[in-house]
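Student: Protein chains in written order, with the working numbering: chain A, 1 to 573; chain B, 574 to 743.
Each statement offered as a hint is correct.
Derived pair list, reagent style PhoX-like, types lysine-lysine, alpha-carbon separation capped at 20 Å: (1) B:K645 x A:K188; (2) A:K314 x B:K599; (3) A:K364 x A:K542.
If you're looking for bench data, these hints aren't it; they were derived computationally from the structure.
The residues making up each chain are set out below.
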Amino acid sequence: MKPTEKTMSGAEIFFEALKREKVEYIFGYPGGANIKIYEQLYDIDHLTHILTRHEQGATHAADAYARATGKTGVALVTSGPGATNTVTGIATAYMDSSPLVVFTGQVQSHLIGNDAFQEADIIGITRPITKHNFLVRDIRELASTIRKAFYLANTGRPGPVVVDLPKDIIAAETTFEYPDTVDIRGYKPNYHGHHNQIKKAAEAVRNAKRPLFYVGGGVIMSNGSEELRVLADEHGIPVTMTLQGLGAYPGDKPLSLGMLGMHGTYWANRATGQCDLLVALGARFDDRVTGKLDTFAKNAYKIHVDIDPSAIDKNIVVDLPIVGDVKHILAGIAAELSGEELDFTEWRAQIDEWRAECPLSYEKADGKLRIPHIIERISEITKGNAVVTTDVGQHQMWTAQYYDFVNPRSLISSGGLGTMGFGLPAALGAAFGVKDRPIVNINGDGGWQMNIQELVTVKHHNLPIKMIVLNNSFLGMVRQWQELFHKEKYSFTDLESSNPDFVAIAEAFGIPSFSTGDVGEVDELLDKAFNKIDGPVFIEFKVEKEDMVFPMVPAGASVSEMIMERLNPKRMV
Amino acid sequence: MRHTVTVLVENRFGAFDRVANLFSGKGFNIHSISIGETEIREISRMTIVTEGDDHIIDQVIKQLNRLVDTLKVVNLTEHHRVERELALITVTYQKGNLEEIKNLADIFRAKIVDINNKSITVEVTGPPEKVNAAVNVMMPFGIKEMARSGTVALKRGEQPKPVKKELLLN
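Between the sequences and the hints, there should be enough to build the whole structure, so can you do that?
Tutor: Below, the structure is given as structure tokens:
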């Protein structure tokens, strides 16, 4: 576009740029350094600002909004503590490659470096946890910097970008010119995989006897779920998914093996060990997936499809790398193989045998209330169609195991960084992005207390979030490790004597709240939450305290050293 | 194995920090790092001497390429190249050792660039091994202070013909 004749302030340019980027929501918190932006915001009606009660909440909400919608999430905070409070949120988004732009206020340019009031070097602090970051030093660069920030955040391998805005820049004036295109010479993501490599991949599938798709978050991010479904369904190729990949392929179909890795299913891990072709799609061979690296899928020809060249050969050296967008490449492989009759019946029968041999199970006979049961019921009541956010720990792994995700962008969980306190703000971010599906936050009693202040935001906007706290009065996953690997020293993980009255807290925020420890009341309460009450609902389930998540592959062990249940290490060959 | 990697980066606020941060954050070794202007004003050249096995060097190159401000990354170890380093070495000046220092400096085509009644400063330029050798011979005189520039390097105009992969396999 041509520059405007009239000059505009930095704050006006800021909102004009967000308008061009079609931003609908920003999650933020005002303060001294960004007050001029908030002054301008007062008269803005082309977007909605959501006031969270903590900048970490704003960042997680923006991150989750991005994961739920595929659009870029936007957070706006002030300088100093406002900016440093976003650090966990930014690192969370970085580890899970979520497109996020965080605007931080900054002290006036001439004060930078002087230890001014509420000054923090947020550019230095966030350098290792952002895809890129910018300090705007000249008002004439403001518009083009915002353009670049959005472009970088949501192209290639997505990730968070920080834009630091000194107070004087926001107040300065210049003409407005928004670039139509972006050209960053050091940044040219490659979307189209090399044609020969795609042909070779198709050939490998053709020649395989025991192929397996190992699907990560990249498939969801590239909107490649449909292409994956077409390819897997046409040829009957089994699919296993990482935590971030769940939902990329419908979890209720026979070809889905569920999650692999540390708390993956027995049959997914066996299939990984026995496959002769492993096709990694937008996944990164994370240590929670591979366990001991040199025994992971050791007999398989390995193909790795990823848009980020640095992901290739990082943890595992593969036989055939294909750099590009998973969606394009899946379509390319499908086109190569279309109409061919490939027969993997025997392989699928083998996997079904494993499935029957060690199904996911938990104790039901004693009539006690257990987390897997609650999650199974939520999955059934919502027909696998909810957007589920979680915190981190046992409830997160049980959610991955027992909730049948049938759609992509359904499980929103901090996988890479493993951030406690993510679930509640994530649910509120998702609720703004997705209005036609149920929104559920499954949480633990530990993580629930880490961003509990966002109950205000949930109530204020009357968001229809069903908040489920699975209270075992323990930091359960740490407790599990303590029992299994740390001499049963339950050091600082028992919260029973200190946990507050969760129902009273939620009620104080004005949210309908319920609590039970009775397995017989689960359905009634869930029915109330999902079918009877429109707005937010809080339910505390008092569950068995010392249950553990199985199967489990101990950290750093081979998948063959999987533990199937308490005191029963099962050897897999 | 030691590798010399050159990185062309945007001559922009923070570009150097990003590269240095990457090395510390990923736990890569740095033997030396130098940065300066190139023939194009907006572009700086960094020369990094690093160490690691093939897998690590592969990651170093990929991670450097991933940075948005990075324009080009070349592992010069795979090429014919010119490598130079400069060192300033200040040794103790004692009666009678000037001649010896001068002679040794001559052997390395080094120059005496400063002298007073307590110390002599020698400037030596060359490939890093030559600079190391010069430092070693100066050591007996008592090195009071030393500054080394780190390696700078460029590809030579003439390059070896690439060896075809099939030939390597046979």
